[in-house]
Amino acid sequence: MSVHYTSLGIVNTRVMFAAAVRGGFAVPAYNFNNMEQLQAIIMACLETQSPVIIQVSKGARDYADRTLLSHMAHGAVEMMKREAGEKAIGEIPIVLHLDHGDSYELCVSCIESGFSSVMIDGSHLRYEENAALTRKVTDFAHLYDVTVEGELGVLAGVEDEVAAESHTYTRPEEVEDFVSQTGVDSLAISIGTSHGAYKFKAGQSPRIRLDILHEIERRIPGFPIVLHGSSSIPQDAVETINRYGGSLKDSVGIPEEQLREAARSAVCKINIDSDGRLIMTAKIREIFSRKPEEFDPRKYLGPARDALRAMYCRKNIDVLGSAGRAPEIMKAMKASAH
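FYI, in my numbering the residues of the sequence shown are 1 to 338.
Bear in mind the hints are in silico, worked out from the structure with no lab data behind them. All values derive from a computational prediction rather than experimental measurement. Hints are supplied without guarantee of correctness; some may be wrong.
Unchecked claim - Derived lysine-lysine pairs resembling DSBU-like cross-links, with alpha carbons at most 35 Å apart:
1. 58 - 299
2. 249 - 291
3. 87 - 299
4. 58 - 334
5. 87 - 331
6. 58 - 331
7. 136 - 331
8. 58 - 136
9. 81 - 299
10. 334 - 81
11. 249 - 299
12. 81 - 331
13. 136 - 334
14. 334 - 87
15. 58 - 249
16. 81 - 58
As the list claims (entries may be wrong) - Beta-carbon label-pair distances, calculated as ranges:
17. 139 - 85: 34 to 44 Å
18. 66 - 310: 25 to 35 Å
19. 327 - 221: 19 to 29 Å
Where is the CB? At the ideal position from N, CA and C, for every residue including glycine.
All chains should be modelled from the sequences, with the hints used to inform the complete structure.
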């Protein structure tokens, strides 16, 4: 092992997922590619006392560089501890997670560079191949107490290297066998969410298949379920982007009230990426348009970071129900360590 995640001060998902299932909330899983996004995530979750999963895709890892990512994760923990001390508030648990790992080799590389959680996405494979690949990753990851997320079903949409034209809903009758065969710690399912900013056309009434979720929950009670592609596509951000020179097609995302209902059920991790991209882009476009003389990156990335932080605070409080849950998780982790 080159770097173990404990040396970075991060944790795996096991205790926080157990708390989420008991408490009827979902842990936020926010993607980041750069420093400003990471700062916004950590500060929002510290402010709302929410546990958090900071996650990167294969593309983001290539973009940011694997070595820098490890140092950024460690830096995020140190920043969190300093801010918690200065503000006399509790520390929060932070997970570093690989989003949509597409190979055994990538998952191993991430584990060896300090990730505490990895996703192996074999959902595009035949069922038997998906199960075998997922089992292989799980066997390696568990040697180092790294938690693993698998996936059954296919989400439509495009985000980084992940692309599919249509949904393949998760088959509830397969989940028990898959979880038993693979030994995964959590399972991503397909119930109508989708990747990217163009989830549904304007005028549609998007609804996720909560009936499938409830049937899965019945079959594997208490098992942590994950929702990908759960951005709600804030229309004010889309309008701002278009007002200041952008050209985004009409699109709507997953209604937040449906996500809140899912979070009260078995869903204990909800992935949100596109909303953050839209919020940052809207603020940067606005500044460039109103202040065309501006060239200092701090003067446009700083406000974009602040807008992102505010959105994450609201998501934690109003959508995911994770605000205020960090203290109980930190207590449970300390108890489990003795």
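Quiz item: Going through the earlier hints one by one, which of them does the structure break, listed in rising order?
Solution: Hints that this structure does not satisfy do not exist here, as all of them hold.
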